[in-house]
Structure formats: C-alpha cells, structure tokens
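Novice: Here is what each chain is made of, one letter per residue.
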Amino acid sequence: MNKISQFQGTLIPLDRSNIDTDAILPKQYLKMLDKTGYGDFLFDDERYLDPGDSETPLQTRRKNQNFILNIPPYNRGTILVSKKNFGCGSSREHAVWAIRDFGIRVIIAESFGEIFFNNCIKNGVAPIILGKEQVASLINFANKKPDAQVSINLTEGILSFDGTHITFSLHPSHRKSLSEGLDEIEETLAIGDKIRAYECSRLQSEPWVFVDF
Amino acid sequence: MSSKTLYDKLWNSHCIDETHLYIDRHLLHEVTSPQAFSGLQMHSRPVWNKDSCLAVPDHAVPTRNRNLGTAGIVDPVAKKQVERLSENCLKHDIKLIDLTDNQQGIVHVVGPELGFTLPGTTIVCGDSHTSTHGAFATLAMGIGSSNVEHVLATQTLKTTKLKTMAVRFTGTPTEAITPKDLILKLISTIGTAGATGYALEYMGHAITNLSMEGRMTICNMSIEAGATAGIIGYDATTESYLMGIPRVRELPELNRALEYWRTLRSDENAQFDKEIEINLDSLESQVTWGTSPETSVTLDTPIPKAQCSNNTDSSSELERSLEYMGLYGGQTLRDLKIDSVFVGSCTNARIEDLRIVAEIVQGRTISPNLLYALVVPGSGSVRRQAEKEGLDLILQQAGFEWRSPGCSMCLGMNDDNLPEGSRCASTSNRNFEGRQGKKVRTHLLSPRLAAYSALAGKLTDKYE
Ligand code: SF4
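These protein sequence lines map, in sequence, to chains A and B.
Numbering-wise, numbering that gives the first Met the number 0 puts 121 at position 122 of the first sequence, and it's gapless, one number per residue.
Numbering-wise, numbering that gives the first Met the number 0 puts 151 at position 152 of the second sequence, and it's gapless, one number per residue.
You can trust all of the hints, since none of them are fake.
To list a few chain A residues with every Cβ distance to chain B over 12 Å, as calculated:
#1 5
#2 6
#3 56
#4 69
#5 70
#6 77
#7 102
#8 140
#9 145
#10 150
#11 155
#12 156
#13 157
#14 159
#15 167
Calculated lysine to aspartate or glutamate pairs in the EDC-like style (CA-CA distance at most 16 Å, straight line):
#16 B:78 x A:54
#17 B:457 x B:338
#18 B:78 x B:414
#19 A:2 x A:179
#20 B:437 x A:45
#21 B:457 x B:334
#22 B:8 x A:205
#23 B:3 x B:266
#24 B:79 x A:33
#25 A:193 x B:17
#26 B:438 x B:338
#27 B:438 x A:49
#28 B:94 x A:211
#29 B:3 x B:267
#30 A:131 x A:14
#31 B:437 x A:49
#32 B:438 x A:44
#33 A:175 x A:186
#34 B:49 x A:198
#35 B:49 x A:211
#36 B:437 x A:52
#37 B:437 x A:44
#38 B:79 x A:54
#39 B:94 x B:82
No lab work stands behind these hints: they were computed from the structure.
Computed from a prediction, not measured in an experiment: that's the story for all the values here.
The C-beta atom is built at its ideal place from N, Cα and C for all residues, glycine as well.
Chain A extracted, bound-state conformation (with noise of 0.2 Å):
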C-alpha cells in the first residue's frame, strides 16, 4: 500500500452532495478481477458522452469536455473535494481504486459513507472531513485558482492553503495505517492467540454457532 503522510497536490472541486459509489466507478466495471486499471472509468458515466464498457477501445469514447475531470488542469488534481456524504452506496472497493488509479490520493469531503471512508484507508488515499465552510472554501479556491497547491500533513492534521491553516482530526489508527502502509493482516495474524483463545470460549458457550454450514 502507498504511505501517506505528508502531501501536496492540487485541487479538483466535486460540488455536489451524496456522491455514491455507482457514479464514481458504474456496475459494468465490476466483473474486472483485479484491484487496479479502473483509472481510466473514474466517473464514467459523466466523463465519456458515450457508453462504454471494459472492452470498448477508449480512443473511440468522446469525452464530456464539460466535466471536471477532463478540463485541465484539474484533470491532473490529485487532492478531491467534494461536499455532503461522499462514497455512499455500494460497497465496492473498486471506487476507491479507480480514484487512487487515477492519481487522487486525497478526498476532502464534509462527511462520507463508512464503508467507503474503510476502503479508503486500505488503499492508501486519506479522507479528510473537515466543515461546510471550510469545504466551501475550497471549493472557491479552487474555483479561482486551479494550479494553485493545497499541502497536507496527516500526522499533525493540518491542511494549508493561500496562507490559510485548517486543523482537521483524523482517528489515530487511521493515520497509522495511511502513514505507515501496514499489512492489516499480518498484524492482525500476530494477535492469534487471542483470537483462538476467544473461538475457545465461543466453542463453551455457544457451540451452535460452530456447525459445519
């Protein structure tokens, strides 16, 4: 998993609310059996002007040059923002992989839908929730100046930006997981023991719950 910990990159402003997981990756690119090449379908549905699947040659697909993706230079951002719930929906993972395919290691959103946020930290892209204002801010920001860099530092938890310093807080296993990349299982592995003491104790007291299915 990529580490992340301190970042700085540029802006793509999504303002909208309740953005779900079928509109950031749509149901056709779920039947892929890998965990990467989604970059290229990240909002497909608004991107392309028309449908297209796995297999259709991207070179034939016109693109939506109204969408933010696809005019630069946000189309080369790195950091989304976006407003209310975002990630809500499905729970495919393949959304948090066609934007860290893409290149988005950052989202910046006033709150998001769990199982997305969770997928999120796997994959090495940082969610960040900060407020409405704050949000709208961005937003501006970015409106007006779309090169301009936007800087993170996970480990203090301060985004800064035009000389302006937002704290935002983050869950302290969160960052250890995004900033030191960790194998979740392994560590988990290492506590073993534990979990076989526990299956022990089920196995007393509830023995129904261990029949062969």
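Here the structure of chain A is known, so what remains is to put chain B with the ligand in place on it, guided by the hints.
Specialist: Relative to chain A, chain B with the ligand alone:
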C-alpha cells in the same frame, strides 16, 4: 449490572479487543470476493475458518436459461467472474450454492432462509445491504474487498464501536402501509447521512407486528440512511421463523441456544446515543421522486421547488435531480407515466412481496405500454414457494415475466437492462443516477404500489 442496548450486547460478546471484532459468519458473492482471494493467494494465507463461509453468485447472473449454468452467461467477463467464485470456493473448500442449485438467490435472501443467519452472531459480506440480516438480532455489516480478505484470513474485522440510535415507530398505520413505506419515511426524515456512524435499532408496535420478511425489508435499507447496521430485537416472531428452518431445528444444544437468543433485546432502560420517533398514524404510501433514497414523498405531495430536503443543500443540486428525473418542481407523482416495472432485489423479492403483487394483479392485465415488467424472486426457495401457491401463473397471466433469482435490474450487471432514459417503478433500494442503466429514471416504491402502477402504466396506488 447496567442496562445494555442490543448493539452493546452483540459488540461485547464479539470484541476481542477495542479494534477487533470476531466474525461468526461470512457471505461471499462473485463481485467483491475475487480480489480478496487473490490477496490470500499472493501471501499464501489460508482461510481461517472455511465453515464460517457461504458463497452464492447473484449479481452478474442471468435470470433466464438457468439450467445451462455458467454456459448460459452471455457476457464473457461476467462468466469468468462467476467461474472464478467457483474456483476459489473449490480451492478453499468453501460451501458454494452455484447457479444450477435450486437454493441459489440473492445472498441476503438466501442466508436467512437457510438458517445461515443466526441470532446473536456477527455477519459480514462484501455488500452494503448486509444490514438485512440484522432483523434476526444479528450484528450484520457490509464491508469492502480488503476487509473481505481480512476476515477470510483472520476471522476478525478491524473496526471500532458504533454509536447507537433507537428508531421508534409509533402510532398505527393504515392497512395500505407496508414495511417499505416505513423505511422510506425514516430515510426521508433523517436523510441519507442521518445515521452515519450509528447502528440503528428499530422498535415499536409497528415493528413487533411485522413478519420477518417485513423486518428484513426495513433492516435492508438501513444503509440508505448511512447506518452500518440495522437491528431488531429477538421475539416470538423471530423464533417461529427460525423454528421453520430444518437446519436451525437440528442445531446442537438448541434449547440452550433458544434461551440465549431470548435475551437478545435491548434492556428496558438502555441508553441510546440518539433516539428518534416516527409516527405512522397519517403515513401514506411513499415513492421517491429524485436520485437519492431520501427523496420519498406521497403520490400527491408536490415535489420540492426549492431547497428543502435534508441533504440536498443547494438549488443547483435540486435542479440536477429534477432534470435527470425529467420532472419539475411542484409536480405531483400520481399518474406519472412509467415505462417499466421491476419487482425484485434483496429489499422486496421475498414470498410476501410476491403475494402482495399477485393479489393485486390477479385476473387483470398490466398496461400494454410497459416495455418491461419483471418479477425476479429473491431466491430459488422463494420461486418454488410462489409456484406452489400458483403466484407465477397469476403474475404471468397479468403480463409479468417470471424470471430466475438474482439481483437483476436492481443494478443491471447482468443482461436485464433498461433502455436509456426510460422510467422504472422499482421495488429495489437505490435510485442513483445510472443505477438501473444509463439515464434511467428510477422511482423506489413498495411491491403494492409497483403492482397498481404496473396495471395502470403510471404511478398510482389504486385501480383505475
Ligand atoms: S439485489 Fe441489489 S442491493 Fe441487493 S445485493 Fe443485489 S445488487 Fe445489491
């Protein structure tokens, strides 16, 4: 001992430490599992407890020609995905209910039917509607593929404790009100992010009076209010449903199990982090007008002109939804012409749902103007039960197509696709842009309204 909520009890009995929750049951389907299995393989890790897993292909499966098995899947990419699930299950010795199995269906319909879903357990699945299983006093949560891999490898989920919210339904609804109306009303009241970070517990007479099918419909859509889990306390209804399942009756130490399950309710004075009350006295049937499940209204309520919903906080967003849906502010939905009707999904494709539709359309014919009118049972067992009751004939005589189980038009990953820009009355759970097909306009409603609307070819709650 201090009073506890049901969520507290479920959490306490499963937390290994502050961040690791033990997972008893794991449901798998073809879409969110391949990457998890590849991850295991990459690190040569075994599955911790294969007996905790059950796999069912449901999302990308065709609803016709089922006897052909995977050979009946036209799309080669989808075919490969379904085959991959079989290969992975074979490799790890995981129980698979495959395409030709007469128990196959949508994971969230199959799990409870087979007694895989048990009270007092934790269940996960790489699917947001896992909350469905909470109807059985079960802590059930949707997870992403990385967590699917984590649970396969460690039997635990890394997570932290949720906050709790009690949702009390008060008052007495009229006979026309169905579980779908209750949950749509809740979502429109608190908004699609209203329960983010919470486990919801549904309470009140209206819930106690519901069948398990109805309770599942409600828990199913908890995620549409932002909740990770939705639960309902164990009672006599839960018990009699479970006792109807052979596999549950045969569980070891059943009497001890029953004794324990009966404690799976929130204690009388349990403190919730938040409580909300929804009065059902004057509730009318709900239909969504927009592109978020929180946009439900009655057939006769004018849809918003200006900023007024919980989460849509700018007029440009409202305009975007109205434009997408081909509607204008101030319009009412009654008699709005529809192109298709879909009765299906893990929300509303259980036997009771099909009975409601059949009862309404019996001896009548659906509108000839409909392009599609599909009934897709939630599982093979639902399908067989419906056929036993003759519902399939009633539905087909009325003009519905009678299909094999799967997610189908709920998300259109298979070949059940709606034409671009068409309008669909759907018993499913999401009306997002493009969910049912490019530019397709989805109105979420109950099976009851879907039936009346199919007959009329427009949104309605009565015979013409
Ligand atoms: S029926 Fe729809 S919501 Fe339910 S699991 Fe299938 S795709 Fe998801």
